[in-house]
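Counting from 1, position 28 in the sequence shown corresponds to residue 27 in numbering that gives the first Met the number 0; the numbering is continuous, with no gaps.
Derived from the structure by calculation, the hints contain no laboratory data. Any given hint might turn out to be false.
Claimed, not checked - Using 25 Å as the maximum straight-line C-alpha spacing, the simulated SDA-like pairs for lysine to any residue come out as follows: (1) Lys-164 with Asn-142; (2) Lys-164 with Arg-113; (3) Lys-164 with Trp-217; (4) Lys-164 with Ala-152; (5) Lys-164 with Thr-123.
Claimed, not checked - Pairwise CB distance ranges (calculated): (6) Arg-144 with Ser-180: 19 to 27 Å; (7) Arg-92 with Asp-28: 18 to 26 Å; (8) Asp-170 with Gly-198: 26 to 34 Å; (9) Trp-217 with Gly-184: 21 to 29 Å; (10) Ala-59 with Ala-163: 29 to 37 Å; (11) Gly-48 with Val-83: 20 to 28 Å; (12) Asp-156 with Thr-49: 34 to 42 Å; (13) Asp-110 with Met-0: 34 to 42 Å; (14) Met-0 with Pro-222: 29 to 37 Å; (15) Thr-49 with Gly-194: 36 to 44 Å; (16) Pro-172 with Gly-198: 36 to 44 Å; (17) Gly-48 with Leu-116: 33 to 41 Å.
Note that the coordinates shown come from a computational prediction; the quantities given were computed from them, not determined experimentally. Think of the CB as a built atom: it goes at the ideal place given N, C-alpha and C, for glycine as much as any other residue.
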Amino acid sequence: MRFTFVGDSMTIGRAGDFTWRYRMWQHLDSALGTPFAIVGPRSELYDTGTNTPVSYAYGAPDFPVGARSHLAGWGEGWLHMAPVIADTVTEHRTDVLLVSLGLIDLGFYTDSGRTALNARAFITAARTANPHVRMVLLPVIPNIRAESDAPFAAECDRFNELLAKAVADLDDPMSPILLASRPPGYDIHRDTYDGTHPGPSGEHRLAAAFADAMHQAWGLGGPYTARP
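Build the full structure now, drawing on both the sequences and the hints.
Pasting the structure below:
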């Protein structure tokens, strides 16, 4: 089984981070019980000093180089990933997409309606590459901006409603889609280092959202046990 992480700055991580991808790899390694691979076209972290994705300074020395692959980018969203996901799935023979996108779109690029259309385009494109691909989608977790920007907070809420509708409309037994739950207890003042990007406890909670969704819906792996 081949997994690809797709996301924005919360998923690529910055130099020195463990990343929730690492926490997820740990979970899969201990709970899956069958061979698996983490695949994708990138493996870098974001270097905030140079503002470029060129760092390999992961916080966990035991994170295997071969498991660091991803399709994530600082400042990238559904808008950017929809045009490239088919090639990624084809090239890396992805079976399961673990996707955390949307906050960047709503913050800088598109409104909730257009962002939802880009999410639908992403799903369609992924299926052109693999008609049996599975997907787990995480709703947007409003960041600190939403606490002082009511229109932005409303757009986050509306997009999550539209994303849930897209999942309901497009779910297919041949290519199932799960809408993960917002991580229980996720607190941007405690689980992030800046109101947006996850710290260690946030990384665990994000990984748990994906792991628990797959276990509950598909019987894949087990419940996430490395809780913060």
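Verification of the supplied hints:
Straight-line distance between C-alpha atoms of Lys-164 and Asn-142 comes to about 22 Å, which keeps the hinted pair within the 25 Å bound. Note on Lys-164 and Arg-113: the hinted pairing holds, with a Cα-Cα distance of about 14 Å set against a maximum of 25 Å. Restraint check for Lys-164 and Trp-217: satisfied, since their Cα atoms lie roughly 20 Å apart, inside the 25 Å limit. Between Lys-164 and Ala-152 the alpha-carbon distance is near 19 Å, which keeps this suggested pair within the 25 Å criterion.
Between the alpha carbons of Lys-164 and Thr-123 the distance comes to roughly 15 Å, so the proposed pair stays at or under 25 Å and holds. The hinted range of 19 to 27 Å is satisfied by Arg-144 and Ser-180, whose Cβ atoms lie roughly 22 Å apart. Here the CB-CB span from Arg-92 to Asp-28 is close to 20 Å, well matched to the stated 18 to 26 Å. The given range of 26 to 34 Å is respected by Asp-170 and Gly-198, whose C-beta atoms sit roughly 33 Å from each other.
Between Trp-217 and Gly-184, the C-beta spacing of about 24 Å keeps the proposed range 21 to 29 Å intact. One distance hint, 29 to 37 Å for the beta-carbon pair Ala-59 and Ala-163, holds here, with the actual separation near 33 Å. Range check, Gly-48 to Val-83: about 26 Å between beta-carbon atoms, so the 20 to 28 Å window is met. At about 35 Å, the CB distance of Asp-156 to Thr-49 agrees with the hint of 34 to 42 Å.
For the pair Asp-110 and Met-0, the supplied restraint of 34 to 42 Å holds, since their beta-carbon distance comes to about 36 Å. The hinted window of 29 to 37 Å between Met-0 and Pro-222 is violated, with their beta carbons roughly 18 Å apart. Take Thr-49 and Gly-194: their Cβ atoms lie about 23 Å apart, and the range 36 to 44 Å is violated. Distance hint for Pro-172 and Gly-198: a CB-CB separation of about 38 Å, consistent with the stated range 36 to 44 Å.
The given range of 33 to 41 Å is respected by Gly-48 and Leu-116, whose C-beta atoms sit roughly 36 Å from each other.
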